[in-house]
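Enquirer: Letter by letter, the chains look like this.
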Amino acid sequence: MNQQELQALRLMIGSHKRWDYLFGVLGIIALMIALMTFVALFADMAIHGLGRINVDFLTSFPSRRAANAGILSAWVGSVLVMLVTATAAVPLGVAAGVYLEEYAPKNWMTDIIEINVSNLAGVPSIIYGLLALGLFVYTFGLGQSILTAGLTLALLILPVVIVATREAIRSIPQIIREGAYACGATTWQVVRDHIVPYSSAGILTGVIIGMARAIGETAPIITVGALTFIAFLPTAPFTGDPPAGLFDWLFAPFTVMPIQMFNWTSRPEAAFLDNAAAAGFILVLMTLTMNGLAIWLRYRLRKNIKW
Amino acid sequence: MNTYAATAGKLDRMSQPSERLQKDFTRHLKERVIEAMLFLAAFVSVFTTTAIVYILISESWVFFQHVPLTDFLFDTQWTPLFDDAHYGIMVLLSGTITSSLVAVLVAIPLGTIIAIYLSEFAPFAVREVAKPFLELLGGIPTIIYGYFALLFLTPLLQKIYPDLPGFNLLSAGIVMGIMIIPYVASLSEDAMRAVPMALREGSYAMGATRLQTALRVVVPSAISGIASAYILGISRAVGETMILAVAGGMQPNLTFNPAEPGATITSFIVQVALGDLPHGSIGYQTIFAAGLTLMLLTLAFNLIGYYMRKKYREAY
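Chains as they are written, first to last, in the working numbering: chain X, 1 to 307; chain G, 308 to 623.
To be clear, the hints were calculated from the coordinates, so they are not data collected in a lab.
Treat the hints with caution; some may be incorrect.
[Unchecked claim] Computed spacing ranges between beta-carbons, pair by pair:
1. X:C183 - G:Y361: 31 to 37 Å
2. G:R334 - X:S200: 22 to 28 Å
3. G:Y361 - X:Q189: 36 to 42 Å
[Claimed, not checked] Footprint (simulated), chain G over chain X, 3 or more residues, beta carbon under 8 Å:
4. 148-155
5. 195-201
All C-beta atoms in this analysis are idealised placements derived from N, C-alpha and C, irrespective of residue type, glycine included.
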């Protein structure tokens, strides 16, 4: 190989390596754009909102004057709606996941259920709002209540819980089941004593991610007809006159954190925008904490479980 | 099972069932009841889909009895709340298409670069930190992104482009794109990681660099998975509501210019839901017709994505 060809080859290798290096830099820049957005979003809310966050903000009702307004009814509403959502979505989702993994025969019915679960995960959240409006509000007559909102969000996060349950169950080795069956256990005994306990951490991860999504959902709740100005609290759960009064809180009108924030964001006065930032900051903090917890849990799980 | 039944049958004929067999009977009954209950829980998903389709179609039926389908599809005005009512879904569709296009132009290049970087270039430690971070980014409520688009990005863009109105599809679209980066990146990365190592090693053995291997071996091998990630990303953009309701403005506007305000299918539904139209009025029923259009749109995207994912699974 003469000197000239060697030189040309070196140049080519050099330019290929440069492209390689350049793409590495491009990758980091792209990641930085995503991460900087995250930082900018967080910082922007903190700068505008932190000044408004104090005990009064958490314990006051919304008001026509921005300085007196607070998020009491919003966060109480969010907590109550989440309570209904969790009560409905967790048992249903786990049961469906267990059925699909441990019971379901391989037939067309199972195929239909599986296709439906994966399809529902891709349905836009506002469609769930329209479903709730037609079904819960007008057909079942549940009204624009905490119960309606909670059930709507439960349907929305059901696919998340089902998929997480199935993944957690699938990672349990077959030997565990075979051992239990060999001892004469029924399917339900295997599920109750082995499958569900061993997959509980994985299920919990999915439930937390689902709840974090539900707490920030705005569109379906607006469609259902949550009010944006609520200056009272629903009766505290399970404190009314038994038996009927116990469930009064389920039928109360309500507002939730994201709706309160939306309401303040759509007002022209700057003071209300600061309120929106403060409410948004608390909301972001809540979802970040929940998602962070789920990620940490999954990380611990991957590290610690060795079958 | 058969031998068990035969034995049980024989025992039945011989004498009264023993205590153990009675216990077995209740045991089986209990199993059956539990299985049926679990099946019902799984069936909720089928029920939900059926209910969505039923509600959207039956409520839209009322709407389409007053408005002919040709008007709905081809009219160029959308003024359902005015006296002189026009119902041209094209107007809302143009807003949805424009904002989704902006989002896709942001999310697909950035998401693909991030996916290639994380799958082929990044050291282990970077990947372990970046993936959860992206996941957190995807978990932020969309109302927060809406606030960010309206009060952070729009003023920023107005410094570069002073004529930009306060409500516009551009900043909503860009923020929407950033919102769907995590979906596109993580699904594409999964597809690339599923490419067998041997293909990469073959490429490296021929003297290819990492970039050459990534672009000419890994990406083509994972292309159906990557395409399905894109399509799911688009479907998210089309169904996104709050960012557009907050930052896009809600005036119906037949335009494909992202620098203008405009209403989308989703933000129109929010607008009507916030108002006080009575249920059953034609203005109110429009949201179900709009919802039906949206549902058909995302269903088409999801089916294409599902088909592609299935195809890609069979590749290896």
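Enquirer: Identify every previously stated hint that the structure contradicts and give their numbers, smallest first.
Expert: Those not satisfied are hints 1, 4 and 5.
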